[in-house]
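The lines below spell out each chain.
6 protein chains.
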Amino acid sequence: MQPITRDTLDIIDSALEEDLAYQDPTTACLIPPDQRGRAVLLAKSPGVLAGVGVACAVFQRVDPTVEASILREDGTRLKAGDHVAVVRGSVRGILKAERTALNFIQRMSGIATLTSQYVQAVQGLPVHILDTRKTAPGLRLLDKYAVRMGGGRNHRMNLADGILIKDNHIAALAAQGVSLRETVRRAVEQAPHTLKVEVEVETLQQAEEALEGGAHILLLDNMGLEEMALAAAMARGRALTEASGGITLEKVRAVAETGVDMISVGALTHSVQAMDISLDFQV
Amino acid sequence: MQPITRDTLDIIDSALEEDLAYQDPTTACLIPPDQRGRAVLLAKSPGVLAGVGVACAVFQRVDPTVEASILREDGTRLKAGDHVAVVRGSVRGILKAERTALNFIQRMSGIATLTSQYVQAVQGLPVHILDTRKTAPGLRLLDKYAVRMGGGRNHRMNLADGILIKDNHIAALAAQGVSLRETVRRAVEQAPHTLKVEVEVETLQQAEEALEGGAHILLLDNMGLEEMALAAAMARGRALTEASGGITLEKVRAVAETGVDMISVGALTHSVQAMDISLDFQV
Amino acid sequence: MQPITRDTLDIIDSALEEDLAYQDPTTACLIPPDQRGRAVLLAKSPGVLAGVGVACAVFQRVDPTVEASILREDGTRLKAGDHVAVVRGSVRGILKAERTALNFIQRMSGIATLTSQYVQAVQGLPVHILDTRKTAPGLRLLDKYAVRMGGGRNHRMNLADGILIKDNHIAALAAQGVSLRETVRRAVEQAPHTLKVEVEVETLQQAEEALEGGAHILLLDNMGLEEMALAAAMARGRALTEASGGITLEKVRAVAETGVDMISVGALTHSVQAMDISLDFQV
Amino acid sequence: MQPITRDTLDIIDSALEEDLAYQDPTTACLIPPDQRGRAVLLAKSPGVLAGVGVACAVFQRVDPTVEASILREDGTRLKAGDHVAVVRGSVRGILKAERTALNFIQRMSGIATLTSQYVQAVQGLPVHILDTRKTAPGLRLLDKYAVRMGGGRNHRMNLADGILIKDNHIAALAAQGVSLRETVRRAVEQAPHTLKVEVEVETLQQAEEALEGGAHILLLDNMGLEEMALAAAMARGRALTEASGGITLEKVRAVAETGVDMISVGALTHSVQAMDISLDFQV
Amino acid sequence: MQPITRDTLDIIDSALEEDLAYQDPTTACLIPPDQRGRAVLLAKSPGVLAGVGVACAVFQRVDPTVEASILREDGTRLKAGDHVAVVRGSVRGILKAERTALNFIQRMSGIATLTSQYVQAVQGLPVHILDTRKTAPGLRLLDKYAVRMGGGRNHRMNLADGILIKDNHIAALAAQGVSLRETVRRAVEQAPHTLKVEVEVETLQQAEEALEGGAHILLLDNMGLEEMALAAAMARGRALTEASGGITLEKVRAVAETGVDMISVGALTHSVQAMDISLDFQV
Amino acid sequence: MQPITRDTLDIIDSALEEDLAYQDPTTACLIPPDQRGRAVLLAKSPGVLAGVGVACAVFQRVDPTVEASILREDGTRLKAGDHVAVVRGSVRGILKAERTALNFIQRMSGIATLTSQYVQAVQGLPVHILDTRKTAPGLRLLDKYAVRMGGGRNHRMNLADGILIKDNHIAALAAQGVSLRETVRRAVEQAPHTLKVEVEVETLQQAEEALEGGAHILLLDNMGLEEMALAAAMARGRALTEASGGITLEKVRAVAETGVDMISVGALTHSVQAMDISLDFQV
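Here the protein sequences come in this chain order: A, B, C, D, E and F. So the numbering used here is basically just the index in the first sequence, starting at one, shifted up by 1. So the numbering used here is basically just the index in the second sequence, starting at one, shifted up by 1. So the numbering used here is basically just the index in the third sequence, starting at one, shifted up by 1. So the numbering used here is basically just the index in the fourth sequence, starting at one, shifted up by 1. So the numbering used here is basically just the index in the fifth sequence, starting at one, shifted up by 1. So the numbering used here is basically just the index in the sixth sequence, starting at one, shifted up by 1.
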């Protein structure tokens, strides 16, 4: 079960604040303060669940007397109609929290569902599906948690937990007359000793230079399948390889078959299709 | 141009914080603190621009000495290759900010682009395309701004700036033996006098009841086209009508032709496809 | 009972912080950490109670082990000597919280008391007493809650939950050659569809123009009683009417008799006389 | 001129936030983003000015391009019609900030005006008018600044910058069999060495006990005039004396004539009458 | 026991945040989420305990289900091997919190230990050992609490709870031709009536001037022992005296014997040697 | 020059807040608001400078009109009497900021000075001096910056930017029957692919197991010099080695001569001796 840390509570609070959830005139006009009810969160379409704990926390944040019970754990494959949680208590509280709770769980389950499709597409192959830092601003931790629930792995959580030398870095050093090999060498020498050095390369020649410079990981960006296979072979035993760049569900298995160790997919978090989950009152 | 209010700066700050943008070991290892450069934000695919001001603000928030010039205003229809802004200054600062800036502008332009497709689909008809409160948690104001840039209009910004009686409210009152008409009447009587009362209805009979109760707006949820046309006709001169419920790009013109005043589309903000915009260094 | 939302806790926290309530040398010098006691909040003068929940929350915020029991609900008409709550527990904790708790309940009960005097003055007439946005900075929600406890209704909570075209807006558009009628028409056309359009008018001619422009509500500002009665009559069936502008307790019934639907009174919140409520220890 | 510290900016920000000043649909509908104007803050009734700097800061916080010029300094005695500041720039920005700016300056000037009336009432006598900690929650620093602008002095800013042994402390120690003299003695012994010890007394006998215990200041609470004069005489040369307890404008001079050194008046900040100051556009 | 106030929780939260304690990949990789364990905090060297409550609060802040029991109270003199607290529960939670908890208790116990050495060095003499405002930024309250646990007393908590006229103030007034006596006199006249006036002096002549000006406390800065004794004698009965300026453990008793009332030592908090306390798992 | 990021401004703000720097009665009583002056920050003892930028930022945060010029860059070796910065402007502003500014620069320079002593002690040997996470709560980034200014390198900034398997982790897995080798293997397999795996070992046998498990770095904890040399030899070409555990200035060169790659020293940040730097007014 996802722990609801202070970070998560802060995000929940700012979501409730932007919705002015504590100043809801509709419930104030209509719902008696003491009316109690019961509602279920249920899937309206198939998918992989993520964020049920966050959704429950939203209800309890709005009104600590609301009880929320999780019926399915994050990571569960759902079919339409499955109940994932039940909330009980003040109808006012539940209604004020409804939209915010759904906004979290629908996005997170959307991410988990898409991730799981990528993971299934490469089933049986020795490759990991990774996310990127292309997450919705403010939702990094939740987006990446959802990727894990879908069976993916996380790439860097932030700029600080890995060295990744990208095209713009390489260009900036080239402008000073520094070769790729030397760039990589400097990074290996200067990097915090607990971090590996990953280098984005677009050609086999760059790959070779990066390896010579001491790169621990190669990011093969937008390479053709054949070239990618050659790069993966060249790196084997010397560095890990990661494929990236517009890799669709259709194409991902072919990429995996090139022998890369990892495939990163920005769409997992930057182009999310919300999963259809709703709150049904059972008054 | 979008004003960068304190709300927006707070979102930018939390995005930079979750990326630990001020602790970037890659630039610290490789880029001299005094290297200066110039980079452009450019469209890699066609779409409608939104968020260029936010993206520029991200660069300047990371390093106030970076200069950012907007070349195209939000709302502009872009083709692949168009430059939308140019940033100049500390290469370190620009690189630390790059991903966060792109995460904003790619999501916002994705929203504007999808919205504009809906707006174009109903062109010539007297109808407004509306968003919903189904936004990414924490990004409500930016998501809704992007909808406006795409030519759409905003529905409620939060729970407090409109009365919207939805199925769950109606069910909660029905559980106490209160009819729909009486529910609406109570809301009209109790609501803050500056707010209109909108009522979600699924049948013509509910529509009639809501109108008799004094509803100012009918939300026609998941109605068939014929029924919707009847409801729109029934309401004309008595209340505004809004269609909602799984309205796709394919279906939206037919819905508009029923004569409703507004069409609301959750997908505008809950199922965003990031627009492909990148930062290219011109060192 | 007033729910203590996170918004309210934030206000309580900043009040305790400005009082450095956790660094109180007087209790540190004199009161043993384990001394326990019992104290009552009691009215020293007659009035209408508001804020007893907030006051109790202050004690518990300073020391969660203090127990606070509410004896009278907000909205109760009190006479001098009435006990409204009892607090039990650490004497240190109670004493640190005392002043802050009293500052809340005295102001809020002062507002409720004044409001109830206005409400009583128009008893039997079909009119609502409204507050304004002239509240103490930071205390908007509590001030407006207190108005409700006194029997009043709330006008806009903030700039966003109603369109109110005031003299300065009208002047700004007039400066561009836009007539009042056209100004109102534009607002009706452009306003979020869930909001009504209220227009401040000072003459019968302005009232007529505003009505022709489609105003939903007329704010009759500083009109004489006769003119107000004419305006109210002119608007009946076309728009709601609200009287405002220096309406004293002496004058309010006459204003109500003009037939306006609502009377707004800034003094309810901008010129509060604290109600005399104190904490008495019963050691 | 009042410095606008970070504390003050925080209060301004929360006032703007509770007003949703950045989401104002009225100006969004009506005022072109590029319309510029000029408006004056002017007194509508006589009084003493306080808060003009805060009001100006509000306008600039909403829109940093708005220029605000202070025409009269805080502490100035105003007559109706006096202009106190002029603001120039974006009409949208000015209108969004108007109400919040006025809420600050009206309250603060109300406090300064009332304070100055007390100060005038005791003119020529060697006595200071003091405020109390009975301020509006969150506005302590501004309320107390306004008192100074009215010619008053500040009592404790918070619980930590003075020892004040009040009735409830005395009762708590009496419950443990500790005499008033011993209570005072302990405080003198235990108090931080930079703080004086003030003791609330209600009788001459208590006054004597407190003096014997070493009190530096006597707070004469709700004493009759004669008794107060005796207490003041008894304390002269041994301790300062402060009168308090329902001291009205009518009564204050007689109290001052008893020879006390200070008179504290809760009403200065807990029962404020807003001064009538308005914003007039000169488009 | 030290109360864990909201101030303290804020410091704990920012310490956990800078450690990214909720994103610990080491425990995520290795420790099953349901593994439970028991660990003790124990002294590895002798010293005086301070901060055991803060350390326990850190564990519970990271994971509210972790139980922490305090075995020794703050202020206890420890020998190597003494257990001071025991924590039980989620091993993940305990390990994430370990370093942050230790950082607090090691620093605080280091302060208490050093303070107690000073206090012991002057045992039997009528003098208090005081801290200063030379604390680690952000840790003022905890640093000063630790001083108390070591048997010391606190000097000013902040700039506002005492008047202290230092060399730079005196120089600034001298630059305007104001004598020390007059400077002190002005401060006594203008100071909030609850605060004493302390004056830093470096010579007997300055001491005399300050006394004539009405100083309540003399801060004897960097005086020789003989001069200090003369100053203390001169001040007796007229003002308190405080010695300061590079007073080492070796020298402190001699300083105390000059007859000063207080000795302040910046090193107590600005040059802390962490006490060696560790967490031992007993799985 | 150290960039003053938002993180740093937040720390500065909380330091100023705990000092109530904006409510300083001493300057309010004595210093005219318009008095301007000039003061220098100067070293009173030799050492290595760090934090001059932070100190300058403190002055400007208190009063943005104060000008602060840096005369020596961080990292400079200072002798007693060297001027490091000059501040000019409002005397009130400078005096309010003085203590807070000094608290930062004295601690940071203390850290840099101690670090430089360790670095000098190992001069000529191929080894890096590292800090640890044993920093003052809330000051992690500044403490670690100061280490770099002293010529040291940083170990992990937080729990998330490196895998470090410590004694308690090993014990927790041993309790489940998992060998050290298997523990390391699991971490290598599960760790984010950008992070290296470091393992704390106390014996040569553990070192061998860790290497077999695939450890990238060995942390040699509290080993004797001979054993350490053997471990370093065993690891050469297979993993980096880091020595730790009570390594004093006296002992550090001998440790370096064992051939380890890095030496980490907790005392650099947990047992700081403030450098003597003061502010001298030159009015």
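FYI, nobody ran anything at the bench for these hints, they're computed from the structure. Be a bit skeptical, because a hint or two may be false.
[To be verified] Subject to a maximum C-alpha distance of 27 Å in a straight line, what follows is the list of computed DSSO-like cross-link-like pairs (lysine-lysine):
#	chain 1	residue 1	chain 2	residue 2
1	A	45	B	252
2	F	252	E	45
3	B	167	B	45
4	A	45	B	167
5	A	80	A	167
6	E	80	F	80
Here is how each hint holds up against the structure:
1. A:45 - B:252: Given that 27 Å is the threshold and the Cα spacing comes to 20 Å, the pair holds.
2. F:252 - E:45: 20 Å, holds
3. B:167 - B:45: 41 Å, violated
4. A:45 - B:167: 18 Å, holds
5. A:80 - A:167: Since the Cα atoms of residue 80 of chain A and residue 167 of chain A sit roughly 41 Å apart, the hinted pair is violated (cutoff 27 Å).
6. E:80 - F:80: Violated: residue 80 of chain E and residue 80 of chain F sit about 40 Å apart, past 27 Å.
Going through the hint list in order, the structure does not satisfy hints 3, 5 and 6.
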